[in-house]
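Colleague: What follows is each chain in one-letter form.
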Amino acid sequence: MDKGIIYLDHAATTYVKPEVFEAMKPWFTEYYGNPSAIYSLGRQSKKAIEEARAQIAYCLGAHPTEIFFTGSGTEADNWAIKGTALANQKKGKHVITTVIEHHAVLEAFDFLRKEEGFEVTYLPVNENGLVNPEDLKKAIRPDTTLVSIMYANNEIGTIQPIHELASIAREKGVVFHTDSVQAIGNIAVNVKELDVDLLSLSAHKFYGPKGVGALYVRKGIKMESFIHGGAQERKRRAGTENVPGVIGMAAALKLAYDNLEDYNNHLGKLSSRFIEKVLERIPYVHLNGDREQRLPGNVNFSFRFVEGESLLLMLDMKGIQASSGSACTSGSLDPSHVLLAIGLSHEIAHGSLRITFGEKNTEEEVDYLVDTLEEIVEKLRKMSPLYEEFVKNH
Amino acid sequence: MDKGIIYLDHAATTYVKPEVFEAMKPWFTEYYGNPSAIYSLGRQSKKAIEEARAQIAYCLGAHPTEIFFTGSGTEADNWAIKGTALANQKKGKHVITTVIEHHAVLEAFDFLRKEEGFEVTYLPVNENGLVNPEDLKKAIRPDTTLVSIMYANNEIGTIQPIHELASIAREKGVVFHTDSVQAIGNIAVNVKELDVDLLSLSAHKFYGPKGVGALYVRKGIKMESFIHGGAQERKRRAGTENVPGVIGMAAALKLAYDNLEDYNNHLGKLSSRFIEKVLERIPYVHLNGDREQRLPGNVNFSFRFVEGESLLLMLDMKGIQASSGSACTSGSLDPSHVLLAIGLSHEIAHGSLRITFGEKNTEEEVDYLVDTLEEIVEKLRKMSPLYEEFVKNH
Amino acid sequence: MYSEKVMDHFTNPRNVGEIENADGIGQVGNAKCGDIMKVYLKIENDIIVDVKFKTFGCGAAVATSSMATELIKGKTLDEASKITNKAVTEALGGLPPVKMHCSVLAEEAVIAAIDDYKKKMGMDVPDTRCSGCCGKCGDTRTE
Amino acid sequence: MYSEKVMDHFTNPRNVGEIENADGIGQVGNAKCGDIMKVYLKIENDIIVDVKFKTFGCGAAVATSSMATELIKGKTLDEASKITNKAVTEALGGLPPVKMHCSVLAEEAVIAAIDDYKKKMGMDVPDTRCSGCCGKCGDTRTE
Ligand SMILES: Cc1ncc(COP(=O)(O)O)c(C=O)c1O
Ligand SMILES: Cc1ncc(COP(=O)(O)O)c(C=O)c1O
Chain E
5 MDKGIIYLDH AATTYVKPEV FEAMKPWFTE YYGNPSAIYS LGRQSKKAIE
55 EARAQIAYCL GAHPTEIFFT GSGTEADNWA IKGTALANQK KGKHVITTVI
105 EHHAVLEAFD FLRKEEGFEV TYLPVNENGL VNPEDLKKAI RPDTTLVSIM
155 YANNEIGTIQ PIHELASIAR EKGVVFHTDS VQAIGNIAVN VKELDVDLLS
205 LSAHKFYGPK GVGALYVRKG IKMESFIHGG AQERKRRAGT ENVPGVIGMA
255 AALKLAYDNL EDYNNHLGKL SSRFIEKVLE RIPYVHLNGD REQRLPGNVN
305 FSFRFVEGES LLLMLDMKGI QASSGSACTS GSLDPSHVLL AIGLSHEIAH
355 GSLRITFGEK NTEEEVDYLV DTLEEIVEKL RKMSPLYEEF VKNH
Chain F
5 MDKGIIYLDH AATTYVKPEV FEAMKPWFTE YYGNPSAIYS LGRQSKKAIE
55 EARAQIAYCL GAHPTEIFFT GSGTEADNWA IKGTALANQK KGKHVITTVI
105 EHHAVLEAFD FLRKEEGFEV TYLPVNENGL VNPEDLKKAI RPDTTLVSIM
155 YANNEIGTIQ PIHELASIAR EKGVVFHTDS VQAIGNIAVN VKELDVDLLS
205 LSAHKFYGPK GVGALYVRKG IKMESFIHGG AQERKRRAGT ENVPGVIGMA
255 AALKLAYDNL EDYNNHLGKL SSRFIEKVLE RIPYVHLNGD REQRLPGNVN
305 FSFRFVEGES LLLMLDMKGI QASSGSACTS GSLDPSHVLL AIGLSHEIAH
355 GSLRITFGEK NTEEEVDYLV DTLEEIVEKL RKMSPLYEEF VKNH
Chain Z
290 MYSEKVMDHF TNPRNVGEIE NADGIGQVGN AKCGDIMKVY LKIENDIIVD
340 VKFKTFGCGA AVATSSMATE LIKGKTLDEA SKITNKAVTE ALGGLPPVKM
390 HCSVLAEEAV IAAIDDYKKK MGMDVPDTRC SGCCGKCGDT RTE
Chain Y
290 MYSEKVMDHF TNPRNVGEIE NADGIGQVGN AKCGDIMKVY LKIENDIIVD
340 VKFKTFGCGA AVATSSMATE LIKGKTLDEA SKITNKAVTE ALGGLPPVKM
390 HCSVLAEEAV IAAIDDYKKK MGMDVPDTRC SGCCGKCGDT RTE
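Residue numbers (our numbering), protein chains in the order written: chain E, 5 to 398; chain F, 5 to 398; chain Z, 290 to 432; chain Y, 290 to 432.
Please note that the accuracy of each hint is not assured.
[As the list claims (entries may be wrong)] Straight-line alpha carbon distances no greater than 25 Å define the calculated SDA-like cross-link-like pairs of lysine to any residue that follow: (1) Z:LYS409 - Z:ASP312; (2) E:LYS223 - E:LEU90; (3) E:LYS176 - E:THR125; (4) E:LYS118 - F:LYS239; (5) E:LYS29 - F:LYS97; (6) F:LYS239 - E:SER229; (7) E:LYS118 - F:GLU228; (8) F:LYS386 - Y:LYS294; (9) F:LYS364 - E:ARG47; (10) E:LYS223 - E:ASN263; (11) Y:LYS409 - Y:LYS294; (12) F:LYS97 - E:ALA91; (13) F:LYS396 - F:GLU378; (14) Z:LYS331 - Z:ASN310; (15) Y:LYS321 - F:LYS364.
No lab work stands behind these hints, which were simulated from the structure alone.
Just need the whole structure built from these sequences, with the hints factored in.
Modeller: See the structure below:
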């Protein structure tokens, strides 16, 4: 990549780590057998994907037969939600999720609502983005069949009390799914300790390849297949396996688990430094999300009087790659539903900046980021009619 | 791979060509931006996948906006079939396919039949595996909304008269899908000349990577999304794009189209040599599929009195990697539905061997294959009670 | 995403600022939509002798603001009134489809500023002109 | 897929062939199921002094045939009658789950051959014994 690039959008995606790429490499050109084939080249691939499955299961505290490979985190979410809701619809057609889920979850629920006649309850969150377990308790009805609550939010990094929430669902006999796409690789996730029934992950969020994900399905969970066809994935998810992809996912997850503590410390330091300096040097700033219950590498600020896309473009010109919940970055015209859900006004939501640190970021980069931000925010405020108005009135 | 391996199962999957792998490589570790991101690293990925899309569209004679990336050929088939059938169910709930489709298609229709109350007509095929266009004409009813007929069969290589079949559907205003997973890369496929509405492909069948496919959707075709979530693929197929995967698919398709004639000639020569020698040297052999309308690299034989899995295992011990329609190789206990559909008895279907040649195979390999086959078939027949009986009665 | 010309106008926007004692001021859009543009006009003998703007908005909003002010500078009020979003976008070498509504904002802000001047001068101003999103947000949300 | 022991018995099956004027012959399975096994016994003083088999079937069918014949060779008819698919599979170090039905075939073929001998000798043979797939195909098809 261009020399000058500082990548600060690890929640959007990560590069594939060199070790992960090395693990994948021979499976493209050398060991290319179809895992369904009975000859040696096929058996070798089969063995490799089963080892990958075992590795992933081990990291997550699951049994290998509970891990199913998918083509993305989105597919895992779709399958988990549609698959269980439809399989249990005779029991009831009420399902529960939250207002701050990723689109992969929200749109799957929209599908159930609009196409399949389900009723969906959306749990609210507080100003830090936390779900109140009491709200879940109250929302569960006799005809509720599924609860889906994300582990860590992709925009503001807030971490939900999944174990507590899952226990409530367990008590009432309701299936519990968690979209842990953002959590995996950042914090230790153990499905048995959490006591969840379904859990989604996506390799490209933890230094694995794009286009491969997985769904943990607790043994005994009743669900329909989503992609029908061949007998792969024990007849539950058809299609020739992405052999290098699943091997890469397993390698990446192992690396992540082996280095979790160091990685967390590293990210935590960068985040703290960044937060402190910004609050010290840039006025009219709002820190979004929970200060404690958050992903270590996620910082989400709103800069008042400034619009996010402009901010991103100017940062980009300085080599800084970051993200915003501004409407303009998404193609829609509403700012992030997550930022609105935690009570931000449209104006403030439009001025949000999400920085998500990764393993290679340094303190120097944080300092450069703060300097650059200070400059750009000032420049943008100077041309902002909202700022002009604000200054006149104060 | 081990020195001694002769790979003769290119219909199951192919290795990634070195040039294709080179094209993919930088997109794992260097140019890893999320195509949805607005900064330079993201725009670069976006540009690359749009170039890949344009390349694929160009090869297929489609418009780039008509190409949608998927996670496999199976997903493309599932989406095409469920997506259009469900979107048009108010018009009617009758759909048509054939008895020799791949499981990805058959199981999608099973889903429509069992879960969504559709009626499915399965067109028969003749002893060569060909669909009779007259049968399609007769099968279309006022409430028919979808016809799905595969371009080339994965087991016996028979190529259907897709243009003729698609024209019949077009005349009656019925959507026409073709699973061209086996055809693409082996024969020139042009969606406009064929006049089809939907067409599936899968990269790993033409020297591209596993875990990535595409669906051509003719402009204006009404269909539902299958994977819901983010705004990728013009909001029709959500999930972070498999950037290296789609780049690899495009590179592989371009290579295939650039070399199609040479490749065909090469495969055709190998197949003819193989067929001739086998018929000359091994008695009680049946050649399956059509002699003319077939994929150039596909040869499917049934060796009487011999069971396919045993044959494969013995070939494997001689380094030969091939496939069979025997029940034993599939985990089910019925032999291939395709072989039964063309009228083979169970016994003969169990003794089938599919050889699918590829670019690196040589005439020497064919000769070695024939020698080895002759030996193995003889050995297996010597221990076959069916052969014993046959000899006694003749 | 954006053309070079758009990026140029975004990075170095022309005519940013305020005009003290401006003869006409127009502000359209609102923070809800994520785009606000404010235009200041200095007018002498029906000619726009100076123009400044402030914009809260995305890259396209800033670039179209810059371009629109360039286009009307030195023009008569009549000429300036005929500014269209099409002309602004074309002058920028095009905009991505999802950003087309931004060019409308610039058109509207200029008109609003001219109307403001006319009102101050006691001239007739058609009531039908809108200011704000004019429903454009909703329009493009279905993209 | 298969253990080394299975592959050994598949590659070098013991006791393949026919016995001329065999004292007992049993054949089970059918081509529809994809597995046929035929067992020939030479019996002296109630002892299986020689055994041969022919099998049409998959690797597991061949290996279990081979192992089953090894297990009963030199045994009395009573001992041989007690052969079970479990014993055959265990002697092979296990089989993949989808292949378990093959071991049943070997058990049944041996029993059928013994029954054949007994019938020829005018002994009583229970009628309830099945030959053929015994529904096993259907059983495992749901895997
Ligand atoms: C005809 C046909 N259709 C569909 C598929 C499924 O493709 P994929 O393996 O990419 O899911 C295959 C290959 O497995 C095939 O041969
Ligand atoms: C919380 C969350 N869920 C789901 C997804 C979707 O994952 P993928 O991009 O692999 O489809 C993402 C990332 O895009 C995410 O952040």
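Colleague: Does each hint fit the structure? Answer for all of them.
Modeller: Results for each hint:
As the CA atoms of Z:LYS409 and Z:ASP312 are separated by approximately 8 Å, the hinted pair is consistent with the 25 Å bound. For the given pair, E:LYS223 sits about 18 Å from E:LEU90 by alpha-carbon distance, which is consistent with the 25 Å threshold. For the given pair, E:LYS176 sits about 16 Å from E:THR125 by alpha-carbon distance, which is consistent with the 25 Å threshold. Between the alpha carbons of E:LYS118 and F:LYS239 the distance comes to roughly 17 Å, so the proposed pair stays at or under 25 Å and holds.
At roughly 46 Å between alpha-carbon atoms, E:LYS29 and F:LYS97 are farther apart than 25 Å, so this suggested pair is violated. Between F:LYS239 and E:SER229, the direct Cα distance comes to roughly 23 Å. Compliance with the 25 Å bound is thereby established for this hinted pair. Using a Cα cut-off of 25 Å, the hinted pair E:LYS118 and F:GLU228 holds, with the two alpha carbons roughly 12 Å apart. Restraint check: the Cα-Cα separation between F:LYS386 and Y:LYS294 comes to about 22 Å, which is no more than 25 Å; the hinted pair holds.
This hinted pair checks out: F:LYS364 and E:ARG47 have alpha carbons roughly 22 Å apart, not beyond 25 Å. About 29 Å separates the Cα atoms of E:LYS223 and E:ASN263, which puts this hinted pair outside 25 Å; it is violated. Restraint check: the Cα-Cα separation between Y:LYS409 and Y:LYS294 comes to about 36 Å, which exceeds 25 Å; the hinted pair is violated. Among the hinted pairs, F:LYS97 with E:ALA91 is consistent with the structure: their alpha-carbon atoms are about 22 Å apart, no more than 25 Å.
With a C-alpha separation of about 22 Å, the suggested pairing of F:LYS396 with F:GLU378 holds against the 25 Å cut-off. Between the alpha carbons of Z:LYS331 and Z:ASN310 the distance comes to roughly 8 Å, so the proposed pair stays at or under 25 Å and holds. Only pairs whose Cα atoms come within 25 Å are accepted, and Y:LYS321 paired with F:LYS364 is rejected, the gap being roughly 37 Å.
Going through the hint list in order, the structure does not satisfy hints 5, 10, 11, 15.
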